[in-house]
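Colleague: Sequence:
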Amino acid sequence: MMQTHTDYLLSVNGLSKRFGGVAAVRDVSFDLKPGEILGLVGPNGAGKTSCFNLVTGFYRPDSGDVSFRGKRLTGMKPYQIAREGVVRSFQKTSVLKSLTVFGNILAGHYLAARQPLWRVFLPTARVRAIEMDVRHSAERIVELIGLGRRIDSPAYLLSCGELRLLEVAMALAARPKLLMLDEPAAGLNTQEAVVLGKVLRQLRDTEVEAIVLVEHNMNLVMNTCDRLVVMHLGEKLAEGVPAEILSNPQVVEAYLGKAHAA
Numbered sequence: 217m218m219q220t221h222t223d224y225l226l227s228v229n230g231l232s233k234r235f236g237g238v239a240a241v242r243d244v245s246f247d248l249k250p251g252e253i254l255g256l257v258g259p260n261g262a263g264k265t266s267c268f269n270l271v272t273g274f275y276r277p278d279s280g281d282v283s284f285r286g287k288r289l290t291g292m293k294p295y296q297i298a299r300e301g302v303v304r305s306f307q308k309t310s311v312l313k314s315l316t317v318f319g320n321i322l323a324g325h326y327l328a329a330r331q332p333l334w335r336v337f338l339p340t341a342r343v344r345a346i347e348m349d350v351r352h353s354a355e356r357i358v359e360l361i362g363l364g365r366r367i368d369s370p371a372y373l374l375s376c377g378e379l380r381l382l383e384v385a386m387a388l389a390a391r392p393k394l395l396m397l398d399e400p401a402a403g404l405n406t407q408e409a410v411v412l413g414k415v416l417r418q419l420r421d422t423e424v425e426a427i428v429l430v431e432h433n434m435n436l437v438m439n440t441c442d443r444l445v446v447m448h449l450g451e452k453l454a455e456g457v458p459a460e461i462l463s464n465p466q467v468v469e470a471y472l473g474k475a476h477a478a
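Going left to right, the sequence shown walks through residues 217 to 478 as this note's numbering numbers them.
If you're looking for bench data, these hints aren't it; they were derived computationally from the structure.
Beta carbons are placed, not taken as given, at the ideal position from N, Cα and C, and that holds for glycine.
The reader is advised that the hints may include incorrect statements.
Okay, derived cross-link-like pairs now, EDC-like style, lysine to aspartate or glutamate, Cα gap no bigger than 20 Å in a straight line [what the hints assert, rightly or not]:
| # | residue 1 | residue 2 |
| --- | --- | --- |
| 1 | K414 | E378 |
| 2 | K249 | D368 |
| 3 | K287 | E300 |
| 4 | K249 | E460 |
| 5 | K249 | D223 |
| 6 | K287 | E359 |
| 7 | K414 | E359 |
| 8 | K393 | E455 |
| 9 | K414 | E252 |
| 10 | K414 | D442 |
| 11 | K393 | E252 |
| 12 | K293 | D281 |
| 13 | K287 | D349 |
| 14 | K287 | D368 |
| 15 | K293 | D278 |
| 16 | K249 | E408 |
| 17 | K393 | E460 |
| 18 | K313 | D368 |
| 19 | K313 | E355 |
| 20 | K308 | E399 |
Quick list of simulated restraints, FRET-style, between CB atoms [stated by the list, open to error]:
| # | residue 1 | residue 2 | range |
| --- | --- | --- | --- |
| 21 | M348 | T406 | 33 to 43 Å |
| 22 | L312 | S463 | 41 to 51 Å |
| 23 | R365 | S279 | 47 to 57 Å |
| 24 | E460 | I367 | 33 to 43 Å |
| 25 | S245 | S463 | 20 to 30 Å |
| 26 | R276 | S463 | 35 to 45 Å |
| 27 | E460 | G319 | 26 to 36 Å |
Please take these sequences and the hints and turn them into a complete structure.
Modeller: Pasting the structure below:
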């Protein structure tokens with residue numbers, strides 16, 4: 217049975233973006249199905265993060281468009297896209313180091329708990345109920361992400377692996393439908409990456425409709441993602457399940473050079 221674009225959660229069609237004379241992204245297209253973890257991978261400078269920024273509204277494409285659940289996102293501001301349910305993390309940590317783990321996740325609920333200013337100074341029963349709901353949600357996320365024993369610890373005391381989990385938790389606090397993570401395993405050791413992979417699969421199964429991640433850690437990618445899109449020099453080089461990508465000569469050449477692909 218042929219699938220249409222309405223069958224996909226996210227559709228990226230012909231995205232292109234130039235910065236001066238450099239084509240950062242050239243005619244990139246891919247789709248994301250509900251329930252998938254999709255990895256956007258490639259060598260340094262491949263255009264992965266630029267593509268990520270185009271999807272989430274931080275860059276405006278020169279051509280092409282993005283739709284989510286059939287609604288066009290192109291032209292929306294990042295906060296509007298986030299309100300549609302497409303929530304992202306960043307390579308550079310957004311954790312507030314002086315706050316506790318719980319405080320950071322509480323702060324991450326800002327999208328779900330938006331209130332007019334007057335309600336802050338004149339709290340009603342409804343506002344108090346929302347605040348209680350937010351606190352309960354933050355407590356649940358702390359446990360879900362595996363940081364329960366660190367709930368009252370200031371973020372500056374966390375290990376690198378714990379900080380990465382906290383970043384995922386803060387994105388999760390915005391109650392995304394599609395969670396987009398930019399290099400969530402950066403700086404992690406092998407065991408920390410294994411823990412992160414387990415958390416991401418659990419989130420896909422219970423909390424969000426799908427996940428897209430830009431990632432260099434190929435062990436994490438191969439063991440976590442259902443499908444990969446490989447970029448090279450701003451273009452989509454290959455797409456498929458991890459086993460297909462691993463044996464693709466073009467992908468091997470892009471990562472390692474012609475001698476290894478021969």
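Colleague: Hints first: check each against the structure and report whether it holds.
Modeller: Verification of the hints:
1. K414 <-> E378: Since the Cα atoms of K414 and E378 sit roughly 14 Å apart, the hinted pair holds (cutoff 20 Å).
2. K249 <-> D368: Judged against 20 Å, a Cα distance of about 37 Å means the pair is violated.
3. K287 <-> E300: holds (9 Å)
4. K249 <-> E460: The hint holds at about 18 Å.
5. K249 <-> D223: holds (7 Å)
6. K287 <-> E359: violated (33 Å)
7. K414 <-> E359: holds (14 Å)
8. K393 <-> E455: violated (23 Å)
9. K414 <-> E252: holds (14 Å)
10. K414 <-> D442: Measuring from Cα to Cα gives roughly 13 Å; hence the hint holds.
11. K393 <-> E252: holds (12 Å)
12. K293 <-> D281: holds (14 Å)
13. K287 <-> D349: With a Cα-Cα distance of about 29 Å, the restraint between K287 and D349 is violated, given a limit of 20 Å.
14. K287 <-> D368: Not OK: K287 and D368 at ~40 Å, beyond 20 Å, violated.
15. K293 <-> D278: Between K293 and D278 the Cα gap is close to 16 Å, so the pair holds against 20 Å.
16. K249 <-> E408: violated (27 Å)
17. K393 <-> E460: violated (28 Å)
18. K313 <-> D368: holds (13 Å)
19. K313 <-> E355: The given pair, whose Cα atoms are some 19 Å apart, holds under the 20 Å limit.
20. K308 <-> E399: Roughly 9 Å between the alpha carbons, so the hint for K308 and E399 holds.
21. M348 <-> T406: 33 to 43 Å: Since M348 and T406 have Cβ atoms about 40 Å apart, the given range 33 to 43 Å holds.
22. L312 <-> S463: 41 to 51 Å: Cβ of L312 to Cβ of S463: about 43 Å, so the range 41 to 51 Å holds.
23. R365 <-> S279: 47 to 57 Å: holds (49 Å)
24. E460 <-> I367: 33 to 43 Å: holds (42 Å)
25. S245 <-> S463: 20 to 30 Å: Holds - the Cβ-Cβ distance for S245 and S463, about 23 Å, lies within 20 to 30 Å.
26. R276 <-> S463: 35 to 45 Å: holds (37 Å)
27. E460 <-> G319: 26 to 36 Å: violated (44 Å)
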